[in-house]
Amino acid sequence: MHETTDTTDAPAVTVSRELTFGEAVKEAIAEEMRRDERVVLLGEDVAEAGTAFKVLTGLVQEFGPKRVVDTPISEAGFTGIGVGAAMTGMRPIVDIMFGDFLALVMDQLANQAAKIHYMSGGKWRVPLVVRATLGASRRSAAQHSQSLHAWPSHIPGLKVVVPSTPYDAKGLMKSAIRDDNPVVFFEDKMQYKVKGDVPSEEYTIPLGVAEVKREGRDITIVATSSMVQVAVGAARMLEAIGIDAEVVDPRTTWPLDEKTIVDSVKKTSRAIVVDEGYGRYGVASEIASVIAEGAFYNLDAPVTRVAAMHVPIPFSPPLEDATIPTEKAVFDTAKRLCGK
Amino acid sequence: MPNNEAYLQMYRRMLAIRLFEERVNDLYTRALMPGLAHLYIGEEAVAVGVCEALRKDDYITSTHRGHGHCLAKGASPDLMFAELLGKKAGYCKGKGGSMHIADPETGNLGANAIVGGSAALATGAAYSSKYLNQGRVVVCFFGEGALGQGVLYESMNLAQLWKLPVVYVCENNLYNEYTHFTETTAGEIVARPAAFGIQSATVDGQNVRAVYDVGSKLVDRARKGEGPAFVLANTYRFRGHHVGDISRDYYRTKQEEQRWMEERDPIKILGAYLTGDHIVEQAELDRVQDGLAAEMDRAMQWAIDAPYPAVEEVGEDVYA
Ligand SMILES: Cc1ncc(C[n+]2csc(CCOP(=O)(O)OP(=O)(O)O)c2C)c(N)n1
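Top to bottom, those sequences are chains E and G.
The first sequence begins at 1 in the working numbering and counts up one residue at a time.
The second sequence begins at 1 in the working numbering and counts up one residue at a time.
Worth flagging that the hints you see were computed from the coordinates, not collected in a lab.
Ideal Cβ positions, reconstructed from N, Cα and C, are used throughout, including at glycine.
There may be inaccurate statements among the hints.
Claimed, not checked - If you want the footprint, here are the derived chain E segments under chain G, 3+ residues with CB under 8 Å:
#1 136-142
#2 317-326
Said to hold, decoys possible - Over the 10 Å line for every Cβ pair with chain G, so calculated as not near, a few chain E residues:
#3 Thr14
#4 Asp45
#5 Pro72
#6 Gly77
#7 Met87
#8 Met106
#9 Glu201
#10 Glu202
#11 Glu258
#12 Tyr281
#13 Glu293
#14 Phe296
#15 Leu299
#16 Thr304
#17 Cys338
#18 Gly339
The shape of chain E in the complex, shown without the other chains (with noise of 0.2 Å):
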């Protein structure tokens, strides 16, 4: 898992550029792919098409439909297929499309590709990557809006990385790709489009490494995925009445870099978890729980998660809205936690 910076081929000189997320990610399998012939892609109109959200557009030219192959719409086939496949020399990287339908996709993952390392004394290994979207607010409706990165947070033997920026993304997707374990890979649907700076020269981001967004001394922010950007948004709103929030981007949900939240929350004494999965029983609540353990004596007011609402995403645009954490909300309960 912790790979270290490759600068073997790397150019003498850094040249900064914007990609957006989805070039990102783009670039990362690309990359991977012209490093390690095991690496193929399968899944639902990855190659001509490029996927639904045009995100893979390029890669079947580069490399062919033999590693760039599209599936029927067999998700649990295709993402088995993709379990045997890695246990027996491939790198595979499965596309599922939307995020929900992980639930058809889930006895492959959870009771086969999770488990098959432990099960069999550490003898068969399962370099697998799924790449998963989650994120609402795109009018899609209940089935295809949920954040669901929590399932598979939940079970043993596989890893969840759910990356905040373009630069994440690619840094996660190479060493999810290198990894000798199942890895989700959680992309928001919504946020493709955005761009940021991504250095051209060869880089890898470990599994398990938070980063700080933000720094700050009086509330600590952690978020996933999207909502980093809705934690930052917050964190300028209320830099306006004179608090000063921390953001931290865990970066994976499993393996989670405890240290790295705790010690800011111990810092600043005050926490909140934004997620766009399910509070309940969900990621914010893990978060929140570490939390709660490690920085217990160093709290000055509850720990407060701020998730999506508990029901099913509905379609209507200002019922969805009003399911979604946004920086209003989470400005307000900060402001709230702080006493102003």
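Mind docking chain G with the ligand on chain E? Use the hints.
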């Protein structure tokens, strides 16, 4: 044999779907509709031919491309438009949208945004109809893409074992999204139901009279307790996979689309039959069209003017 009035009724229903869908596309391009929609234009004869063979209390399940099924089973365009716009007056109070229209009044168990997601539900409704001795038949509509989902085969096996009154209607419009079905589907489609001993029929899905004939035979058979059936309806979607799928050159040619639209339009085909046999005059069909267009415009405008649900309603209906 249905009489001419029945064919005229099918003509009206197909045209109603066409005019509805054109307005949906219009709502999308005018940025009045949230999200996307998958249009049924070109496939109208399948839903209409099959649903004309059903009783009002028979059930259907539908798909992401479901507006045609819902209208053919008797849904009101105004309440459909309202749902598509996320309005409170819509069939699902705005909670479902384009891909989830459901209506117990017309036996519509619901459209489903999971490909293959309704195969087992439809079969379960057939199980209940048989258990409760209701004589209801269930039609499970799905695209050929759903042939990739294992749950379809688990369901068909059970349906045949238990002789359930369900008719699986596979609408083969040639494409699973952007991939031709021959790249995703091994063997002959009808060999799959045949493996379970399920009776199947292949039909020209552009010819509503043929669809009706096949549909009514298999529906009657199911109603009599003779078991499930499978209809393979060959058809074509004239528009994109969804309203935003504008550039389609990379997966199908303009000539192919043109050919289907000119030669295989189900509405034109029935129109030609009706006027060619002098069952009706063209002027009568034109009047039908004008009347339906006005009705659709009114329904659409009503939905545009209708209010959104109150935000407080977001937490209602999670539990019964
Ligand atoms: C289980 C599942 N996988 C993938 C999708 C995404 N998706 C939506 S429609 C579609 C293609 C469906 O093709 P088909 O069943 O032939 O129906 P058509 O769109 O042609 O009417 C796909 C892959 C989905 N909704 N559900």
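TODO: List, from low to high, the hint numbers that the structure doesn't satisfy.
DONE: When the structure is compared with the hints, numbers 4, 5, 6 turn out to be violated.
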